[in-house]
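Given these sequences and hints, build the entire structure.
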Amino acid sequence: MTPIVKIDQVTKTYDGGHQALKGVSLDIVQGEILALLGPNGAGKTTLISIICGIVNASGGRITVGGHDTITDYRGARGMIGLVPQETTLEPFERVMNTVRFSRGLFGCPPDAAHLEKVLRQLSLWDKRDSKIMKLSGGMKRRVLIAKALAHEPRVLFLDEPTAGVDVELRKEMWNTVRDLQADGVTIILTTHYIEEAEAMADRIGVIAKGEILLVEDTAALMDRMGKKEMRIELQAPLAAIPEALGEFALERSEDGAALTYTYDTRGERTGITRLLADLQSEGIALRDVQTKQSSLEEIFVDLVREETQ
Amino acid sequence: MNLHAIAAIYRFEMARFFRTIWQSMVSPVISTSLYFVVFGAAIGSRIQEVEGISYGAFIVPGLIMLSVLTLSLTNASLGIYFPKFIGTIYELLSAPVSFLEISIGYVGAAATKSLIIGLIILATSFLFVPIQILHPFWMLAFLVLTCLTFSLFGFIVGIWAKSFEQLNLVPMLVITPLVFLGGSFYSITMLPPFWQTVTLFNPVVYLISGFRWSFFGQADVSIWVSLLAITGFFALCLAIVAWIFRTGWRIRS
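Taken in sequence, the protein lines are chains A and B.
Here the first sequence is numbered in my numbering, starting from 66 and rising by one per residue.
Here the second sequence is numbered in my numbering, starting from 2 and rising by one per residue.
What the hints contain is simulated information worked out from the structure, not anything from laboratory work.
Each hint should be verified, as a subset may be incorrect.
What the hints assert, rightly or not - Pairs of lysine-lysine, DSS-like flavour, derived with a Cα cap of 30 Å: (1) A:K274 <-> A:K293; (2) B:K85 <-> A:K205; (3) B:K85 <-> A:K274; (4) A:K274 <-> A:K87; (5) B:K85 <-> A:K199; (6) A:K182 <-> B:K163; (7) A:K199 <-> B:K163; (8) A:K236 <-> A:K357; (9) A:K357 <-> A:K274; (10) A:K292 <-> A:K274; (11) A:K205 <-> B:K163; (12) A:K192 <-> A:K236; (13) A:K205 <-> A:K192; (14) B:K85 <-> B:K163; (15) B:K163 <-> A:K196; (16) A:K293 <-> A:K357; (17) A:K199 <-> A:K236; (18) A:K205 <-> A:K236; (19) A:K236 <-> A:K292; (20) A:K87 <-> B:K85; (21) A:K192 <-> B:K163; (22) A:K71 <-> A:K274; (23) A:K87 <-> A:K71; (24) A:K236 <-> A:K196; (25) A:K182 <-> A:K199; (26) A:K293 <-> A:K236; (27) A:K357 <-> A:K292.
This is the structure:
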């Protein structure tokens with residue numbers, strides 16, 4: 066299948082010398098939801114800004130629907146809608162006016178029916194004559210989406226759509242994105258929440274320090290990321306791990322007062338019950354037990370290590 | 002050419018103007034009236050006719066130019082600076098529009114606004130002094146060309162400015178002195194010879210002189226020199242805008 070967005074060896078070095086992107090290549094398939102997952106400063110926003118024409122790339126080539134974003138920017142940009150990270154809106158404008166402006170700016174003739182459809186879809190129709198400054202934060206975000214959809218784009222970029230948004234609104238946003246996908250829109254969203262990528266995306270691209278580390282189907286990646294640690298604190302320190310517990314590959318802390326067990330939450334058996342039973346039968350008394358999901362940061366470190374091996 | 006985009010920008014900017022139409026109109030009308038009271042009636046009554054024209058009437062073209070220059074500059078610079086300031090410029094940059102289209106939209110709207118205000122001031126001045134317009138076509142041509150040129154100049158200032166202070170710098174430090182020293186309130190022939198020569202380096206002199214000629218048929222410098230000067234400045238601004246858009250200076254990182 067031909068990709069709708071093709072990113073080929075894109076680099077970006079800012080004037081200050083900061084290298085934000087180090088040769089990023091990525092194909093985005095028509096109709097998919099792709100999540101770009103990465104910590105702050107990974108280059109997510111820079112990459113999106115380059116595709117959309119807000120930032121000039123230092124090198125490389127991008128096509129959208131076959132249109133080169135530099136030589137045929139009109140063709141490329143006409144297909145793209147962008148929802149920026151910050152809620153940047155003119156406070157004194159009214160909702161309908163600003164959405165109508167966006168449609169015109171993208172070269173489309175007026176189409177009241179389409180704008181009504183978009184505003185209804187985003188539950189903004191009742192607010193169409195309200196001033197933007199009077200809207201709640203969640204509504205403002207939806208106005209940004211409405212503006213991005215005003216010209217019927219085929220590819221939609223959502224830059225951290227749920228950053229600083231409450232749980233309810235986040236769920237609502239996810240539903241909106243799924244509805245858009247059902248309409249045939251290809252969606253690229255950036256996030257630093259694993260749960261969000263997991264809940265939304267067909268594929269996940271992990272980006273860190275200006276490089277794409279991997280792009281994988283969500284399910285496959287989640288399997289790899291599903292590791293969890295259990296830390297067992299003991300009443301009395303152990304000099305060595307008893308041989309009977311060898312199969313659990315436990316790690317003993319330096320002072321011997323704690324053991325760490327790593328297991329896979331997606332496995333059919335986590336082995337926890339057996340481990341605890343075996344500890345008891347070895348006569349080891351426990352003080353406390355904690356479990357911890359590997360953080361995104363740790364997962365990145367793991368990924369980088371794997372990639373470089 | 003993305004005509005829908007030009008229309009969208011133009012309409013959006015004009016809507017902002019009409020939303021605050023009374024503020025937009027009242028302030029120039031009041032300030033012009035004050036000029037007429039002070040310079041026309043109070044001081045002007047003690048001033049002899051200038052080149053056969055009553056002083057009150059003589060200052061009309063200069064007053065209109067003073068307002069039109071300043072308004073064009075501030076309208077256009079704020080028009081493009083404001084999206085930069087609040088961040089909505091992302092939409093302009095990501096839209097399938099060329100910088101030429103963006104300029105036409107913003108500069109066209111700013112020029113329209115100051116043209117409207119200029120005509121309102123002209124109408125106001127009829128209330129205070131008897132005025133004749135010998136060459137109405139040239140009067141309008143000079144006015145439109147001035148609105149366009151200084152809106153274009155303001156557009157450049159708006160792109161250049163990194164803060165509101167910088168935005169105010171050019172109208173305050175450059176335009177106001179140039180207009181005051183450009184013969185708004187006097188004929189440059191009234192100056193000593195040395196200062197007459199210095200004045201010739203002030204581009205606003207040519208504007209006001211040409212504009213005054215269209216009213217009274219009298220000019221400090223030849224009408225063709227005036228026309229050449231203003232079209233030259235227009236071309237210069239156009240070239241700078243073209244360069245800005247090619248390089249993305251202060252717009253695209």
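For each hint, the structure was consulted:
no.	hint	result
1	A:K274 <-> A:K293	holds (25 Å)
2	B:K85 <-> A:K205	holds (19 Å)
3	B:K85 <-> A:K274	holds (28 Å)
4	A:K274 <-> A:K87	holds (8 Å)
5	B:K85 <-> A:K199	holds (22 Å)
6	A:K182 <-> B:K163	violated (39 Å)
7	A:K199 <-> B:K163	holds (28 Å)
8	A:K236 <-> A:K357	holds (25 Å)
9	A:K357 <-> A:K274	holds (25 Å)
10	A:K292 <-> A:K274	holds (23 Å)
11	A:K205 <-> B:K163	holds (26 Å)
12	A:K192 <-> A:K236	holds (21 Å)
13	A:K205 <-> A:K192	holds (11 Å)
14	B:K85 <-> B:K163	holds (9 Å)
15	B:K163 <-> A:K196	holds (27 Å)
16	A:K293 <-> A:K357	holds (6 Å)
17	A:K199 <-> A:K236	holds (23 Å)
18	A:K205 <-> A:K236	holds (16 Å)
19	A:K236 <-> A:K292	holds (25 Å)
20	A:K87 <-> B:K85	holds (28 Å)
21	A:K192 <-> B:K163	violated (34 Å)
22	A:K71 <-> A:K274	holds (21 Å)
23	A:K87 <-> A:K71	holds (16 Å)
24	A:K236 <-> A:K196	holds (25 Å)
25	A:K182 <-> A:K199	holds (22 Å)
26	A:K293 <-> A:K236	holds (25 Å)
27	A:K357 <-> A:K292	holds (9 Å)
Hint violations for this structure: numbers 6, 21, all remaining hints satisfied.
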